[in-house]
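Each protein sequence line maps, in turn, to chains A, B, C, D and E.
Using our numbering, the letters of the first sequence correspond one by one to residues 4 to 265.
Using our numbering, the letters of the second sequence correspond one by one to residues 4 to 265.
Using our numbering, the letters of the third sequence correspond one by one to residues 5 to 320.
Using our numbering, the letters of the fourth sequence correspond one by one to residues 8 to 491.
Using our numbering, the letters of the fifth sequence correspond one by one to residues 213 to 630.
If you're looking for bench data, these hints aren't it; they were derived computationally from the structure.
Treat the hints with care, as some may be off.
[Unchecked claim] Ranges between beta-carbon positions, derived for each pair:
hint : chain 1 : residue 1 : chain 2 : residue 2 : range
1    : B       : ASN90     : E       : THR464    : 37 to 43 Å
2    : A       : ARG134    : D       : ARG232    : 17 to 23 Å
3    : D       : ILE255    : A       : HIS80     : 38 to 44 Å
4    : E       : PRO539    : D       : TRP93     : 49 to 55 Å
5    : B       : ARG28     : E       : ARG452    : 56 to 62 Å
6    : D       : VAL225    : E       : VAL248    : 25 to 31 Å
7    : E       : ASN619    : D       : TRP254    : 39 to 45 Å
8    : C       : ASP93     : D       : PHE72     : 49 to 55 Å
9    : E       : VAL248    : D       : TRP254    : 17 to 23 Å
10   : E       : ALA519    : A       : LYS155    : 31 to 37 Å
11   : A       : GLU242    : D       : ILE322    : 58 to 64 Å
Where is the CB? At the ideal position from N, CA and C, for every residue including glycine.
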Amino acid sequence: MSDTITRPIDRSHMQVSDEVAIDIRNMNKWYGSFHVLRDIDLTVHRGERIVIAGPSGSGKSTLIRCINRLEEHQSGHIVVDGIELTNDIKNIDKVRSEVGMVFQHFNLFPHLTVLENCTLAPIWVRKVPRRQAEETAMRFLEKVKIPEQASKYPGQLSGGQQQRVAIARSLCMQPKIMLFDEPTSALDPEMIKEVLDTMIELAEEGMTMICVTHEMGFAQAVANRVIFMDQGQIVEQNEPREFFNNPKSERTKLFLSQILGH
Amino acid sequence: MSDTITRPIDRSHMQVSDEVAIDIRNMNKWYGSFHVLRDIDLTVHRGERIVIAGPSGSGKSTLIRCINRLEEHQSGHIVVDGIELTNDIKNIDKVRSEVGMVFQHFNLFPHLTVLENCTLAPIWVRKVPRRQAEETAMRFLEKVKIPEQASKYPGQLSGGQQQRVAIARSLCMQPKIMLFDEPTSALDPEMIKEVLDTMIELAEEGMTMICVTHEMGFAQAVANRVIFMDQGQIVEQNEPREFFNNPKSERTKLFLSQILGH
Amino acid sequence: DTLADVKARGELNCGVNTGLVGFAAPDANGNWTGFDVDICKAVAAAVLGDPSKVKYVPTTGQTRFTALSSGEVDILARNSTWTFSRDTDLKLDFVGVNYYDGQGFMVRKDLGVTSAKELDGATICIQTGTTTELNLADYFKANNMAYQPVNIDSNAEGEQQYMAGACDAYTTDASGLAATRAAFADPENHIILPEIISKEPLGPAVRHGDSNWGDVARWTLYALIAAEEYGITSKNIEELSKSSQNPEVQRLLGVTDDLGAMIGLDKDWAKRAILASGNYGEIFAANIGEQTPIGLARGLNAQWTQGGLMYAMPFR
Amino acid sequence: MSDTHAQTVPFVRDTMLPAAEPPIREAGAVRWLRENLFSGPVNTVLTILGVLVVWFLVSHFWDWFAHSVWNAGSLSECRQIIAERWGEGARGACWAVIRERWNQYTYGFYPSELYWRPTMAFGLLFLALAPVLFSEAPGIRRIVLGTTTVLTLGLMVALGAPAAWLVFAAVVLIGGLVISERQVSLLLVFSILYPLMGVWFLWGGSAWGPIMVLVGPVLGWIAWRVLHPVSSLVAIIAALVIPLLWWIGYAGEAARDAEGILSLSIPAVASDRFGGFLLSITIGIAGIALSLPLGIVLALARRSDMFLVKSLAVIFIEFIRGVPLIALLFVASLLLNYFLPPGTNFDIILRVIIMVTLFSAAYMAEVIRGGLAALPKGQYEAADALGLDYWKAQRLIVLPQALKISIPGIVSTFIGMFKDTTLVTFVGLYDPLKSMSDAVRASTSWKGIYWEPYIFVGFIFFLICFGMSRYSMYLERRLARDHR
Amino acid sequence: MTDMSAPANPPFRPSMLIYDRRYRSMTFQVIVFILVMALAWWLVNNTIRNLAALGKDFNFGFLWQRAGYDIPQTPIPYTSDDTHFRAAVVGLLNTLIVSILGCIAATFVGIIAGVARLSNNWLIARLMTVYVEAFRNVPLLLWILIVFAVFTEIMPPPNAFRGDDPAASMILFDHVALTNRYTAIPTLAMTNDPGSLDLGARITFNWATIAFVLVLIGGWFVRRMIGAWAQRVQDQTGSRPTTWWMSLAVMTVPSLLLIWFFGLHFEAPELRGFNFAGGLNVQNGLVALWLALTLYTGAFIAEIVRAGILAVSRGQSEAAFALGLRPGRTMNLVILPQALRVIIPPLISQYLNLMKNSSLAIAVGYMDIKGTLGGTTLNQTGRELESIVLMMGVYLVLSLIISAGMNVFNSRVKLKER
Ligand SMILES: Nc1ncnc2c1ncn2[C@@H]1O[C@H](COP(=O)(O)OP(=O)(O)OP(=O)(O)O)[C@@H](O)[C@H]1O
Ligand SMILES: Nc1ncnc2c1ncn2[C@@H]1O[C@H](COP(=O)(O)OP(=O)(O)OP(=O)(O)O)[C@@H](O)[C@H]1O
Ligand SMILES: [Mg+2]
Ligand SMILES: [Mg+2]
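Can you make the complete structure from the sequences, with help from the hints?
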């Protein structure tokens with residue numbers, strides 16, 4: 004499936020700054036007595052684009068869901084944009100409005116139009132006037148190339164369009180960081196490309212991104228770093244070319260052979 | 004999707020005998036006043052593997068459902084294994100226990116375990132002792148490569164596994180003919196392969212099969228004949244290589260360009 | 005303090021029957037009329053100066069006493085029998101008797117029964133939640149007879165059952181029987197058996213523990229009875245209050261002595277009460293007397309001077 | 008081995024066959040009869056049985072219905088007319104009782120010169136419901152509102168409503184119709200104000216009462232606006248406490264004072280004059296309007312992960328659902344006064360409404376809980392990820408969807424509750440079914456009439472409930488379509 | 213989990229009560245708890261003050277006083293000399309009788325109507341639709357009154373059976389008389405009466421009854437054993453022996469023997485005096501209530517059954533047919549087991565509703581617990597608080613028992629899924 008990325012990518016804006024966007028130290032998480040995440044250490048710099056890969060059940064989703072506190076971690080520290088994630092609701096709210104998230108199943112609000120989906124959070128969380136929120140929303144809908152769908156309901160759109168709306172919805176909060184959890188895996192092959200293109204465009208603009216995906220073409224094209232997880236641990240991380248051509252650990256090799264051979 | 008068939012196929016057993024398994028003559032069927040099947044003539048020999056293709060709504064499902072009398076035809080004759088399908092309940096019963104059918108949505112019985120799904124019909128229809136029925140069932144479950152799931156419930160299995168159980172369930176009645184109605188179209192791509200492999204194995208053993216499918220790779224690999232239907236009629240039939248490389252009718256060409264271009 | 009409450013509210017809450025022709029029933033427009041209703045009017049007139057300032061609260065046999073004790077109604081004028089346990093255990097105070105009644109039976113003439121003693125094995129309709137239920141059980145037990153009760157929760161339903169022949173006899177207070185029979189299309193085909201199996205002194209009741217209010221209710225009732233005794237009617241009352249020389253009448257009508265002040269009312273309280281719907285005799289005649297369809301004779305309810313039991317305590 | 012067999016002659020069809028007509032036994036009435044009535048021996052027997060049942064019913068009841076009398080002053084007159092028209096011994100229905108007591112059945116003992124008030128209140132109710140019930144079906148909404156407007160105004164004229172109020176009703180209804188064509192959501196304001204308005208129309212008295220009640224939330228909102236920048240906690244507490252204090256402390260007084268300054272009174276009608284369908288509908292509507300919010304709160308509480316809150320909700324719901332409504336009504340009429348401070352004594356209708364509300368709120372909570380459970384978890388997560396807090400997420404994302412899913416359940420709860428309003432007869436209120444019919448039968452002229460009142464009342468209930476259940480089916484179908 | 217280095221807990225600040233997720237829910241719960249307790253205290257306090265003001269107390273002693281009223285239909289011996297408590301028990305038993313009979317009959321009616329509504333017979337399906345809609349959209353109270361009225365207005369009074377040329381006659385070989393008061397049915401009498409087992413409190417069971425119950429239970433067990441045996445044979449040989457005649461014999465023969473042994477026979481009711489005697493007179497109140505509850509609840513059950521059957525997708529029966537199963541077997545082995553999972557939970561809540569609705573007995577004078585404890589007893593003693601609390605408690609316990617049963621069932625049949 005690596006052939007989905009077709010056009011040459013402009014990497015001119017994709018520079019990584021020294022500022023730390025996310026800092027995870029020694030983080031552990033359990034579900035009951037099941038140890039899902041073990042001693043995760045990860046620093047993400049502003050402007051970095053990270054792809055997380057790994058077998059099913061390895062804890063990829065859990066990791067990124069910890070970053071905006073959809074899941075609570077039990078030990079260690081997560082600092083996002085300088086704010087430590089604790090049980091303090093104010094901090095959580097602040098982090099969540101800095102971090103956008105796109106889910107595998109889009110999770111659009113079916114009872115609201117596309118435009119309303121996009122303006123909801125700016126209006127109610129950021130307290131932006133409606134007029135202005137709608138203008139911003141239209142701008143982002145244009146960016147994801149579906150401004151003409153603004154007044155439709157999500158149920159009337161195709162999967163790829165829905166996912167792009169989901170991306171626009173997150174962008175409307177003008178987040179500093181975007182998290183993607185397998186954004187293309189629920190889509191039909193033709194639609195995958197639409198969504199990946201949108202994501203590449205974002206990457207070109209220098210957005211800090213963490214993306215769980217098995218689209219290796221995408222990883223090679225845009226990622227600064229690929230992280231491979233297994234059994235709740237980060238097994239290997241490297242820049243993409245090295246990662247694909249010259250994996251270090253046995254597990255990674257096995258995984259890559261399955262993914263690419265398929 | 005033609006790349007799903009990877010391994011070389013052993014065609015040594017796949018010989019077609021002269022015996023007629025199914026003979027359909029001049030068959031017509033209406034739903035109310037809608038003429039679904041028009042003048043169908045089709046002879047299937049023992050050991051033949053037939054793939055039926057055609058646009059949606061062309062009557063493919065209806066045709067194969069007529070063969071085991073899930074639908075009644077209104078004129079013409081259908082003779083299965085020497086038995087004419089009429090309203091005679093005994094004949095219908097006889098035909099149904101000779102003909103296995105696999106549905107698009109598996110239709111496993113969710114309240115029974117996999118093993119019970121497989122033994123239900125042998126015990127109650129064929130009056131096989133339970134012990135023996137279970138042994139047979141385990142044999143077929145092994146053949147479809149999921150003997151270890153025997154005591155689970157269908158709801159606990161993945162789609163591909165469920166479809167393989169459905170195949171095993173049909174096989175347990177040791178039918179002479181198997182009908183498949185788009186057996187893979189409700190499955191995720193990785194699971195399609197599992198099911199197709201199972202079907203290829205069956206084909207290699209010389210089972211008479213009629214399969215409605217759009218998996219052209221499968222058709223090319225195992226079919227003796229591809230039948231193309233449109234508007235309730237058989238528009239073209241040919242051996243697979245000819246059918247794909249050199250379609251005669253305009254409709255077939257159009258259809259193939261859509262399917263393969265995709 | 006109920007009196008003050010009523011005055012402050014400007015309205016008297018009066019508990020009445022949900023519908024018993026002659027005693028209390030709403031007409032098609034919701035205007036209440038009847039023997040018990042007139043008691044309410046008299047009390048309202050005495051206390052508030054206006055007989056129309058009454059809110060009628062229809063109560064069923066089951067809800068009536070609670071309505072009173074919970075304060076939902078100020079006075080219960082709903083043909084309720086004065087009994088020991090009600091007066092004591094139920095914490096009610098009966099203020100007097102406005103109708104001396106007794107429980108009787110009504111049967112169809114063609115049943116051929118002439119005495120209650122012949123009712124052994126009969127099916128009998130009774131209204132639940134009344135003393136009749138208890139009296140009936142006691143009477144049949146005492147006479148060593150069996151019966152099958154049919155417990156019905158409203159008077160109308162009971163009549164319906166009786167008329168359809170679902171019970172051989174219908175039992176309730178004799179007054180009720182008469183009222184019911186009077187309303188039948190064929191009253192001549194039904195007879196009321198001679199036996200009266202219980203004493204049913206019916207009277208208005210108030211909550212236990214508020215003697216002031218009890219006094220107001222009691223003496224309003226007596227004022228109506230006394231008025232009849234002294235010949236004061238709603239027609240001649242104005243004239244009498246000016247001309248009568250009878251000292252008791254003068255006291256009653258507030259010409260001399262201010263009896264009203266002693267119960268927290270003004271001088272003219274009794275006059276207004278009598279004016280509301282007339283004296284006891286007038287009320288009786290207008291609602292249930294012989295001229296009405298119900299056609300009850302005064303009987304026990306005649307003035308003591310006429311050989312009856314109606315006896316107002318002296319106004320002094 | 009050859010795997011291309013001699014039999015697989017290539018075949019191409021050059022001319023497509025046209026569709027043919029089905030054979031005769033597959034079409035028309037013959038087919039219909041064969042498939043629907045006589046498709047086997049069992050079915051044939053059933054059909055014959057069914058015909059027999061229908062025949063039995065018709066033959067036994069037809070003459071009674073056919074011999075209907077609509078115009079008579081009493082039952083005996085009715086019987087006389089029947090005997091005259093259809094001969095001695097003929098049976099017949101005497102609908103004259105309905106004709107004569109029509110107003111009593113509809114309005115109870117409501118003062119007849121004020122009949123127009125409940126009529127207007129009922130008409131305006133549809134305007135208030137339109138943006139909720141028919142928000143996405145402008146066609147149906149137009150028909151409903153148009154009919155309501157015409158009917159309400161017509162009836163009001165017929166009932167002799169004062170001209171000023173006629174103008175008022177006309178302005179509101181026609182204005183509503185116009186607004187609903189432009190932007191339905193604006194009508195929601197009217198929906199929110201309607202309960203107080205409806206109460207005022209029905210019970211009358213000074214308009215200042217409802218207005219002062221309304222002032223409470225306004226004060227709360229102002230307090231919240233003012234205090235929010237200081238501290239959101241204080242703001243929330245103030246927004247909750249100030250309206251309460253206002254209602255308990257000053258609202259009554261303020262209403263009296265305002266009335267003194269500027270009188271806005273219409274004649275008051277006491278609760279005991281309510282009866283018949285007016286009573287049923289009043290209790291029903293009040294019950295649904297109050298039980299819905301309470302049900303939502305209970306449902307949210309029951310799904311909460313706070314143990315105490317959840318247990319309280321469970322206990323309450325299971326308790327209410329475990330006892331018969333009639334027992335609760337007896338609590339309302341017999342016990343409620345025990346539970347309140349000595350000396351409080353409030354309207355029996357209000358008490359019944361409270362109990363009916365609690366009762367249906369428990370059922371409503373279960374219905375809404377089902378709706379909440381049907382929402383995919385992703386919706387909650389998406390709301391969280393966007394930074395919406397609990398209440399905002401509930402209000403903007405969860406409830407709008409959950410309520411929509413639950414509407415069929417809510418409607419059937421309402422049907423059940425509306426039917427149950429007949430039970431108020433056991434606490435001495437004049438419901439249309441038993442008390443009112445008993446009252447009618449207690450009069451000399453209609454004594455002994457039995458079936459007609461029951462059939463009439465049953466028919467009206469059937470119309471209303473059947474209408475509602477059809478509405479919910481329509482909604483179910485529409486929702487099924489909306490959800491892809 | 214021992215190795216987890218907990219994040220350095222920030223020191224506690226009061227603002228954390230609101231802003232810290234862990235404390236916030238606690239704060240909220242404490243507030244709710246205080247409010248609820250305050251409300252409860254307020255209610256209880258009011259009640260105490262009100263009772264004191266009225267000079268009443270809260271005391272269940274009245275239950276042991278003489279009741280003084282009669283009850284038409286008593287499943288256990290009861291006279292007006294018995295206590296209010298016994299009256300309440302009679303009421304409770306009456307509630308249970310009508311509820312259980314109602315549940316059984318409503319289930320039958322509901323299943324038949326539900327299946328008939330799905331029938332491909334147009335006429336039957338339409339008739340059932342009319343039935344279901346009529347009962348679901350009209351208040352139950354009205355149906356009770358109408359059914360009751362049908363009995364009182366249309367059935368003949370007992371004395372119509374009198375005379376040489378009676379206006380009415382008994383049905384079922386002169387054994388049953390339908391009157392406008394009751395249905396007189398025959399009682400069972402024995403020539404060899406074995407006497408009764410006395411349980412005290414004047415509650416007795418005839419030994420013959422006990423013998424029948426035991427024989428039936430025993431027969432049921434034997435039947436199950438036969439079933440298990442048939443299953444074993446089928447498992448071994450593949451063909452299932454026909455067992456219905458064995459089951460039938462096991463269920464009937466011992467009972468027939470007992471009937472012969474005890475000399476059991478019907479004693480037909482006979483008109484004596486005003487009423488029928490010698491048989492059992494089943495009050496019309498009970499019959500009407502039972503019938504109305506049955507038809508009303510049956511309409512709801514019909515919808516549940518219909519929905520349950522529709523919930524099993526068509527694919528299931530097609531798959532079964534394709535395997536060669538006959539329609540009857542398909543119903544038993546495939547459709548019903550799945551439909552029942554869908555049907556039974558709402559079915560049980562209908563049972564609950566029926567039990568609660570039986571409190572409308574008050575409308576037809578059937579003395580259930582609402583009629584005795586919550587009606588006459590309450591009224592005669594004026595103990596409304598105690599009576600109603602007790603009565604609600606009884607209903608609550610009954611409901612909880614039923615819903616506990618439902619929960620057990622639900623957790624047992626839950627489909628296993630991923
Ligand atoms: N709520 C939960 N309770 C208990 N265990 C859970 C929960 N959510 C996830 N898990 C388990 O935690 C592990 C990690 O799950 P996670 O969803 O993070 O995996 P993943 O790497 O994203 O896999 P996939 O590629 O399938 O999405 C899995 O074994 C899963 O079964
Ligand atoms: N029960 C039915 N009643 C009426 N029309 C039907 C029925 N079942 C199918 N049809 C119609 O008959 C035609 C043929 O249906 P069929 O399911 O055989 O098509 P198909 O070739 O299998 O299509 P698909 O690829 O979508 O499965 C379609 O137009 C369909 O709408
Ligand atoms: Mg995942
Ligand atoms: Mg198909």
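Q.
So, against the hints stated earlier in the document, which numbers end up violated here?
A. 3 and 5
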